[in-house]
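Novice: Take these sequences, add in the hints, and give me the full structure.
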Amino acid sequence: MEVRIAGTRSLLSIVGFLCFWITAQAQMKIPPETVQQWASVFSVQLRELTTKHSGSMLLQKKLKDVESIIKIVELNGGTLVKDYSDKIERMLGSKMKSVKRLAESAEDADLYHEYNVSLQFDYYNSMLINSVNEDGNSLDLGGDFPLEENEHFNKMPVNTQQSNIQVPTNVYNKDPNILNAIYNSEALNDVFIRNFLKDPTLTWQYFGSSTGFFRIFPGIKWTPDSNGVAAFDCRNRNWYIQAATSPKDIIILVDISGSMKGLKMTIAKHTINTILDTLGENDFVNVIAYTDYVRYVEPCFKGTLVQADLDNREHFKLLVDELHVKGEAKIKKAMKESFKILNEVRANGQGSMCNQAIMLITDGAMMDFESVFEEFNWPERRVRVFTYLIGREMTFAQNTKWIACNNKGYYTHISTLADVQENVMEYLHVLSRPMVINHDHDIIWTEAYMDTVLPKTKELFTTKAQSLLLMTSVAMPVFSKKKETLSHGILLGVVGSDVPLMEVMKLAPRYMLGAHGYAFLLNNNGYILAHPDLRPLYKDGKKLKPKPNYNSVDLAEVEWEDTEEMLRTPMVKGETGSNSLNVRASVDKGKRPLYLTNNYYYTNIDETPFSFGMVLTKGHGSLMFVGNVSVEEGLHDLTSPDLFIASEWTYCETDIDPAHRKYSQLQAVIRYLLGKEPDLECDEVLLQQLLFDAVVTAPLEAYWNALMLNERLEPGIETAFLGTRSGLMRLMRYAGVETRVARRFLTPADKDNLFTMDHFPLWYRLAVENTPGVFYYYPVVDKGVKYVIATTSVTVSSEGKTSIAGAIGLQMSLDLLEKRFWAITKQPSDTDCSNIEGVCPLSCESSDLNCFLVDNNGFILLSKDRNEVGRFFGEVDGSVMASLIKMGMYKKVSLFDYQAMCKNSHHHASSARPLLSPFYVLTALLRWFFSNALMFLLDFNLCGLWHSDYFVDGHKQKKVEALVPCDTAYPGFMYERSINEANSLIKCGRCQKMFVVQQIPDSNLVMIVTQADCDCSRQYGPIMLDPKEIKYNATVKCNRMKSQKVRRRPESCHSYHPKENAKDCGGAASISLSLSVFSACLLNSLILYWM
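For the sequence shown, my numbering assigns the number 929 to the initial residue and increments by one for each residue that follows.
No lab work stands behind these hints, which were simulated from the structure alone.
Be careful, since some hints might not be right.
To be verified - No more than 25 Å apart at the CA atoms, straight line, and that leaves these computed lysine to any residue pairs for SDA-like:
#, residue 1, residue 2
1, Lys957, Ser1912
2, Lys1729, Val1702
3, Lys1010, Glu1576
4, Lys1711, Pro1899
5, Lys1590, Pro1074
6, Lys1010, Gly1502
7, Lys1471, Lys1956
8, Lys1467, Asp1895
9, Lys1546, Asn1004
10, Lys990, Ala1634
11, Lys1230, Ser1912
12, Lys1083, Ser1575
13, Lys1268, Phe1304
14, Lys1015, Pro1978
15, Lys1083, Leu1130
16, Lys1820, Lys1467
17, Lys957, Asp1758
18, Lys1083, Ser1154
19, Lys1102, Met1055
20, Lys1470, Asp1516
21, Lys1714, Asp1758
22, Lys1729, Val1554
23, Lys1820, Val1804
24, Lys1959, Thr1491
25, Lys992, Glu976
26, Lys1517, Ala1634
27, Lys1729, Gly1005
28, Lys1260, Asn1334
29, Lys1028, Val1045
What the hints assert, rightly or not - Restraint ranges, calculated between C-beta atoms of paired labels, are given here:
#, residue 1, residue 2, range
30, Ser1066, Glu1298, 58 to 68 Å
31, Asn1058, Lys1230, 50 to 60 Å
32, Glu1957, Gly1816, 25 to 35 Å
33, Glu1076, Val1665, 31 to 41 Å
34, Glu1076, Glu1503, 41 to 51 Å
None of the values given here were measured: they were computed from a predicted structure.
Ideal Cβ placement from N, Cα and C applies to all residues, glycine included.
Specialist: Written as structure tokens, this is what we have:
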């Protein structure tokens, strides 16, 4: 009986489940024809709303009316690139002339100056000016120094009539050598001023002295760091080092035997890092540690040299930080290995093909090494050997000096951390001797860099385009011309001037390049100086900071579709030519992929290591229309209150005459056209187009005002706007600021939606890639504020050609669209459902349904849940998105970012500067203190250690979890317009989920209606757009790190001169190898080894 009852219950439950399932299927059938009707009605309302309130039809009509008087021209990329490169050459040439005048003046001043050991001379010290002591009196070397805020110098207070002097804290500011050199350099002040008068576009001019001081014009107030220290030393700067020496191959040999324990090893590491900091991307390097065997700090770089770019230098620093002492030092093997590498590199035509040097860092040379030099380096002595004796002990000084002096190097003794900087710099002066004796004044241009030394420069991080933050410097060495010191090759210093790359790129005007076109600049190593896709900054918490590898971004990492390097190779070689590539571009912070065909044009910039390139996109990007109106007619419309122009573009050059700097670009244009400022240099082609655009778009002002006055506008219609290729914009604020949702839209802070130096507005770029006259809708999430933008392009045609004339659009609130959308997607209760198969009446308000409005890239415009607006639909509903991708309605586009920053999962993987743990420093100090207590009291420079990078960086140990450079891949999605509709069932365990997708006609939108009560999240995870780090195995990573792409070596090399006085090597002129010292060294090392 119980069995029968149980069987009956089971049967009933099965029947019940089947009934429920059948019912559920019947209830959840979403009629596609209903969704299609909703989409059709919504399309009509949307089109009427945007067309009417934007005025797009009127603008298109006005453009049609002027087609008979306009001309469409096809841009010649080859001609343009030649024209722009010529302008850049002239601009950079004027900077080089300025620097040459400075060098000549500095050398003449030194030639006629007699050194005076007792010279008394007061000068303006930039740290002490305008400061008083406790008694209210000016500080010594200070005094009143007038400063005035200057727009040309980032609004910094400067003195354009006087230069002043910055002296690092570790240099005595009244040392006789310093005073004599400063006195000499006073002659530069008049040259600074004359240069600035001849070329008002000049920025900072300066002289960096080999004695350590820095003369800067215009004069400024120098701000010390938080510890009151002026750590800036001009001799460390790239412009100084590159101008003072030719390219070089360097092998750093460091002794890590047991005798180097404690503070010695700390000093040795700091010495290595300081040497690395003196290298640039035209240099090549490797670091080898040795005991009784040879150990490459990076095994991947065994037997070779790698380019000393920022990436590799920082990588070496990280590995050097992890070195530990052990065993006995045997230098012979390490020296042999070093010479073999340098000889092979030279024989194979690799490396710098110029200077070669070995930097030996040790606490004593303790074995027979003379035979190594006889075998590999004598008698030519092509490889210089520089020796750094670490620690207080002088027992082994004689042997260490002997090595340097017999190999055209230099010997220094480093006993404290404070000694490192000055002693390392000595090798640069030795390498500069051949150039100085020859009096070869090579002008150098530095790699791109971001100068954060001067006050206020960090403010530019948030106000200027990232791609245009960098600068380059032009510099020239200054020599002593005195005959009595000729063989010594005395370098007096380096003169230079900064050139912001933004000023260079202004010479390739944006309006000529079109919506997706751009110009870019790279150097002889293939590294980018300026490119709209260059992103040198990253966000660390709330702060923007330079990326560790910000100035070693290769062209191939930005133009990553150039897989065969058909663009990079000829550009690096300095060739002139053109190329075409089909590219996957992206806009809207990389979220929206575009397929474009880019036509590239490139050429070299003479007398510089730079190559200039520009891109015109195929199709509309290569066509431009030209109109013509009278100045009087255009001026009238140009002064309309609703009109403004691209403030970052150069319509008129306001930076040449200081009197013009007070004008905005629009003010300058109007004054020039009125004849009030005839001396202004203006772009006549751009002004003519601007005047024409002002006239053609003028009727929109009256149209928008009439709508405001005569019609009751629906709440949520907030801003109408338009833009043209000439950078002209008009806008109408239909809603007041107090009721407007998108208060930031089209304000000066809204850079994404304005014409800037490196891009057209986002709405403009999206519009031109879609069908003219058809609106493109997309959601915006701006700091939590959400709204919708509708935009479309307008065109002109002439002689069978059609050109984009501009874009026009409307910004709306979500409330407005939601109100209309929910009203349309709701069938009334009295709907005739007799011919409808499925749920009827159907309503998106029902809890059984989820309804979405999604754009062509898969981003949600409307949803019941406002939190989902702006998100990718695949994140919200992975099951439906997966089905749409499978059906081909959305196609995945693979995108890559080779400038990404990823979380550092392993300390060793970091490319950031290694941070020395304070505990490590403390342990090293304690060990050293107890073993050398007396020497600590006598010799240890605590201040030097405190102000070293170790304690400064160690203080920031909490930030070790910083992001590090990496490569990432991420997906984008594009809607396949040929598929208008789709519907299907998704099997999800115990339920089946139905969905219907319908294209909204005359738009880029689709309506998606899904069954709400069937949860498919277990079977289908969300589809995310998050980038994923590309992981490389050890072999691939090694090959990438040491691979040497095509590069162009600097043209000049100064590595040898027969008159060089190689006896000036930091020690006695005649040094012989001491057998007694050698024996003592050997005994000492054996004792240490067995201890």
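Novice: Each hint should be assessed against the structure and marked as holding or not.
Specialist: Hints and how they fare:
| no. | hint | in the structure |
| --- | --- | --- |
| 1 | Lys957 x Ser1912 | 10 Å, holds |
| 2 | Lys1729 x Val1702 | 20 Å, holds |
| 3 | Lys1010 x Glu1576 | 24 Å, holds |
| 4 | Lys1711 x Pro1899 | 24 Å, holds |
| 5 | Lys1590 x Pro1074 | 21 Å, holds |
| 6 | Lys1010 x Gly1502 | 13 Å, holds |
| 7 | Lys1471 x Lys1956 | 24 Å, holds |
| 8 | Lys1467 x Asp1895 | 17 Å, holds |
| 9 | Lys1546 x Asn1004 | 12 Å, holds |
| 10 | Lys990 x Ala1634 | 17 Å, holds |
| 11 | Lys1230 x Ser1912 | 59 Å, violated |
| 12 | Lys1083 x Ser1575 | 17 Å, holds |
| 13 | Lys1268 x Phe1304 | 8 Å, holds |
| 14 | Lys1015 x Pro1978 | 23 Å, holds |
| 15 | Lys1083 x Leu1130 | 15 Å, holds |
| 16 | Lys1820 x Lys1467 | 28 Å, violated |
| 17 | Lys957 x Asp1758 | 19 Å, holds |
| 18 | Lys1083 x Ser1154 | 23 Å, holds |
| 19 | Lys1102 x Met1055 | 14 Å, holds |
| 20 | Lys1470 x Asp1516 | 21 Å, holds |
| 21 | Lys1714 x Asp1758 | 36 Å, violated |
| 22 | Lys1729 x Val1554 | 13 Å, holds |
| 23 | Lys1820 x Val1804 | 17 Å, holds |
| 24 | Lys1959 x Thr1491 | 19 Å, holds |
| 25 | Lys992 x Glu976 | 21 Å, holds |
| 26 | Lys1517 x Ala1634 | 37 Å, violated |
| 27 | Lys1729 x Gly1005 | 18 Å, holds |
| 28 | Lys1260 x Asn1334 | 16 Å, holds |
| 29 | Lys1028 x Val1045 | 30 Å, violated |
| 30 | Ser1066 x Glu1298: 58 to 68 Å | 59 Å, holds |
| 31 | Asn1058 x Lys1230: 50 to 60 Å | 56 Å, holds |
| 32 | Glu1957 x Gly1816: 25 to 35 Å | 29 Å, holds |
| 33 | Glu1076 x Val1665: 31 to 41 Å | 36 Å, holds |
| 34 | Glu1076 x Glu1503: 41 to 51 Å | 47 Å, holds |
Consistency note: the structure conflicts with the earlier hints numbered 11, 16, 21, 26, 29.
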